[in-house]
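Peer 1: The chain contents come next:
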Amino acid sequence: MTTLNPAASSIAARWREADAPAAPESYLQAARRRFMKHRVGQVAFGVLALLVLSAIFAPVLTTYDPIVGTPADRLKGIGSAGHLLGTDEQGRDMLTRLLYGGRLSLIAGIVPVLIATVIGTALGSFSGYVKGWVAALIMRAMDMLYAFPTVLLAIAVSASLGPGLTNVIIAMTVVYIAPLARVAEAATRRVVVAEYIEAARLTGAGTPKILLTQVLANIFSPIFVYASGLVGLSIVIAASLSFLGLGVKPPAPEWGFMLNSLRGTIYVNPWVAALPGFFIFLTSISFNMLADAIRDSLDVRG
Amino acid sequence: MTTLSVETDPLVAVVDGDAGRPPLLEVRNVSKSFPVRLSPFKKGYVSAVDGLSFTVKHGTTVGIVGESGCGKSTAARLILGLIDIDNGDVLFEGRNVKAQRESPQTPDDRRELRRNMQMVFQDPHSALNPRASIGEIISFPMKVHGFSKEEQQERTQWLLEQVGLHANHASYYPHQMSGGQRQRVNIARALALSPRLVVCDEAVSALDKSVQAQVLNLLKDLQAELGLTYLFISHDLNVVQYMSDEVLVMYLGQAVEMTDSARLYAKPLHPYTQALLASTPRLDDADGPVAPPLEGELPSPLAPPSGCRFRTRCPYAMEVCAQERPPLVEAADGHRVACHLYVEGSVEMRATSPALAASAS
Numbered sequence: 001m002t003t004l005n006p007a008a009s010s011i012a013a014r015w016r017e018a019d020a021p022a023a024p025e026s027y028l029q030a031a032r033r034r035f036m037k038h039r040v041g042q043v044a045f046g047v048l049a050l051l052v053l054s055a056i057f058a059p060v061l062t063t064y065d066p067i068v069g070t071p072a073d074r075l076k077g078i079g080s081a082g083h084l085l086g087t088d089e090q091g092r093d094m095l096t097r098l099l100y101g102g103r104l105s106l107i108a109g110i111v112p113v114l115i116a117t118v119i120g121t122a123l124g125s126f127s128g129y130v131k132g133w134v135a136a137l138i139m140r141a142m143d144m145l146y147a148f149p150t151v152l153l154a155i156a157v158s159a160s161l162g163p164g165l166t167n168v169i170i171a172m173t174v175v176y177i178a179p180l181a182r183v184a185e186a187a188t189r190r191v192v193v194a195e196y197i198e199a200a201r202l203t204g205a206g207t208p209k210i211l212l213t214q215v216l217a218n219i220f221s222p223i224f225v226y227a228s229g230l231v232g233l234s235i236v237i238a239a240s241l242s243f244l245g246l247g248v249k250p251p252a253p254e255w256g257f258m259l260n261s262l263r264g265t266i267y268v269n270p271w272v273a274a275l276p277g278f279f280i281f282l283t284s285i286s287f288n289m290l291a292d293a294i295r296d297s298l299d300v301r302g
Numbered sequence: 001m002t003t004l005s006v007e008t009d010p011l012v013a014v015v016d017g018d019a020g021r022p023p024l025l026e027v028r029n030v031s032k033s034f035p036v037r038l039s040p041f042k043k044g045y046v047s048a049v050d051g052l053s054f055t056v057k058h059g060t061t062v063g064i065v066g067e068s069g070c071g072k073s074t075a076a077r078l079i080l081g082l083i084d085i086d087n088g089d090v091l092f093e094g095r096n097v098k099a100q101r102e103s104p105q106t107p108d109d110r111r112e113l114r115r116n117m118q119m120v121f122q123d124p125h126s127a128l129n130p131r132a133s134i135g136e137i138i139s140f141p142m143k144v145h146g147f148s149k150e151e152q153q154e155r156t157q158w159l160l161e162q163v164g165l166h167a168n169h170a171s172y173y174p175h176q177m178s179g180g181q182r183q184r185v186n187i188a189r190a191l192a193l194s195p196r197l198v199v200c201d202e203a204v205s206a207l208d209k210s211v212q213a214q215v216l217n218l219l220k221d222l223q224a225e226l227g228l229t230y231l232f233i234s235h236d237l238n239v240v241q242y243m244s245d246e247v248l249v250m251y252l253g254q255a256v257e258m259t260d261s262a263r264l265y266a267k268p269l270h271p272y273t274q275a276l277l278a279s280t281p282r283l284d285d286a287d288g289p290v291a292p293p294l295e296g297e298l299p300s301p302l303a304p305p306s307g308c309r310f311r312t313r314c315p316y317a318m319e320v321c322a323q324e325r326p327p328l329v330e331a332a333d334g335h336r337v338a339c340h341l342y343v344e345g346s347v348e349m350r351a352t353s354p355a356l357a358a359s360a361s
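For the protein sequence lines, the chains are A and B, in the order given. Each residue of the first sequence is one higher than the last, beginning at 1 in the numbering used here. Each residue of the second sequence is one higher than the last, beginning at 1 in the numbering used here.
Watch out, some of these pointers could steer you wrong.
As the list claims (entries may be wrong) - Computed list of lysine-lysine pairs in DSS-like fashion (alpha-carbon distance at most 27 Å, straight line): (1) A/Lys131 to B/Lys267; (2) B/Lys267 to B/Lys57; (3) A/Lys131 to B/Lys98; (4) B/Lys98 to B/Lys143; (5) A/Lys76 to A/Lys209; (6) B/Lys42 to A/Lys209; (7) B/Lys98 to B/Lys57; (8) B/Lys98 to A/Lys209; (9) A/Lys209 to B/Lys43; (10) A/Lys209 to A/Lys131; (11) B/Lys42 to A/Lys131.
Hint data in this document are derived by calculation from the structure and do not stem from the laboratory.
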């Protein structure tokens, strides 16, 4: 240890950092740089952007009517003249219906997950942070919800609310809150033992402030990855609800319902019948890939 | 190694000379036990801190030493109010902290308390939010306490310079800094609200020796310049000796000895302190520590030994040790020790006591 002379212990004599350069890059810059190197993530992002944009601009991209078909042209194969992706059992252009169907399917896939993520994260992180009997009550209620099979719960909620897109969204939100709250709670429990949480408590900051400023950013990754995995499932459940007459009403195009209605033509026109499934798969896997890429890019400790 | 004397600092000298003022911090008979579930139907209590009392004077440093698991960190958290106290009182400048926290007389009372007591944490990795920039980390306490944006920025810069960092470091993230730099940030954050008392919980234990020295000297410089009072907790005897004016030795949640640093290291009275000091490795020991280190393990705090908690490992244990808890008595001027060897009435034992003989030589 160096000898310390009180007289010399002025700021000038103290060990200090030589002129430090400004931080090489900010957090978001670093995240962007890493994402720029993530090929898979970029492809997934491109695919999703394409799906969303084509759903939005469907009327510009195709001239066919998505609801009324030409019965004479029914069940054409992929690559038929005028119908690039063939037609369905009522002679409606498949490409048109897939583009328009993306609107409902993407909404039904993403919106419930988004809402459930917000509610589930709030409930879960609160429970994980405060513990005690209120938290126990919340989490046991979540366990009860979680005990029901996903589809059954969605049907039950949806049936009690009646058909329609809004009710489908509400039903699926209810279904997803429980698992998301559990993921958020587990992640929060891991974070709250860190000393920086104690440091924040020591300043006198209230629970909501600590949750928002200290906890949220640190539990984001696992929640995000889990939620993105639910998007694909969400589209499929929305499809199941439509099939049961609880969701979107036919003849409005929706991928899940199209998959069901084309079931009967699978021996005649298997490739066309598989198309809606392919789109659900594409959306779902792209979401997963993108979420993984974003998680990797945001992970500063990596 | 010269010790930086606090008397040389005019600010501290004035405060210290004010005899009528209550001590900055007074801990009175504080206890805490944590419930643990031993089996689904059986609950036990871990006695983490038991009847701890001590005072910290303005502008001084009180060191707390002891093995890991002896309740040092719990004591720190009890004082700061991070954990609720079971029994006893903590007084800050003569005012009961618990009362001030639970029924503040003015809305600012509680804030004031928060501002006055801050902590430097042990682990430079876990103590800083990995998703926040250094600037955000240091200014967070100020944000909570309603400083304006300009004040926050200005003070963050000043604090960074105070702890030997550069204003540019505000834009860094914790993972872009070294352990020593992170610990400096940790200190800067503790100083953000200009506290009177700073509790350093193993503040340098996670650092390399060379970096430790830098950070310790920084803490001393800051104390002299800002008139800080430290409660310095560590298991490292050398570090505590270097930092402290007074030292408190803890064993299994209880204070066993407290006196000024020079006296404790020169002439330890309690058998535990003696064993602790004897087991410190020294450069001039050719063949390891002189005295054999303590035998046995720390007893379980779930069922601490009756009477004196150290008796199970004490070479001088007597019958009375199992029956009565030794009070913390003043065995010599300003030298308090909790051991039956030094209790009035056991004088005859004292005469034959090898512990006393060892310390008296």
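Peer 1: Confirm or reject each hint.
Peer 2: So, going through the hints one by one against the coordinates:
1. A/Lys131 to B/Lys267: Violated, because 47 Å separates the two Cα atoms, which is more than 27 Å.
2. B/Lys267 to B/Lys57: Cα-Cα ~23 Å, so holds.
3. A/Lys131 to B/Lys98: Holds: A/Lys131 and B/Lys98 sit about 22 Å apart, inside 27 Å.
4. B/Lys98 to B/Lys143: holds (25 Å)
5. A/Lys76 to A/Lys209: violated (60 Å)
6. B/Lys42 to A/Lys209: Measuring from Cα to Cα gives roughly 37 Å; hence the hint is violated.
7. B/Lys98 to B/Lys57: Holds, at about 20 Å.
8. B/Lys98 to A/Lys209: holds (23 Å)
9. A/Lys209 to B/Lys43: With Cα atoms ~34 Å apart, A/Lys209 and B/Lys43 exceed 27 Å; violated.
10. A/Lys209 to A/Lys131: With a Cα-Cα distance of about 17 Å, the restraint between A/Lys209 and A/Lys131 holds, given a limit of 27 Å.
11. B/Lys42 to A/Lys131: holds (21 Å)
Against the hints set out earlier in the document, violations occur for numbers 1, 5, 6, 9.
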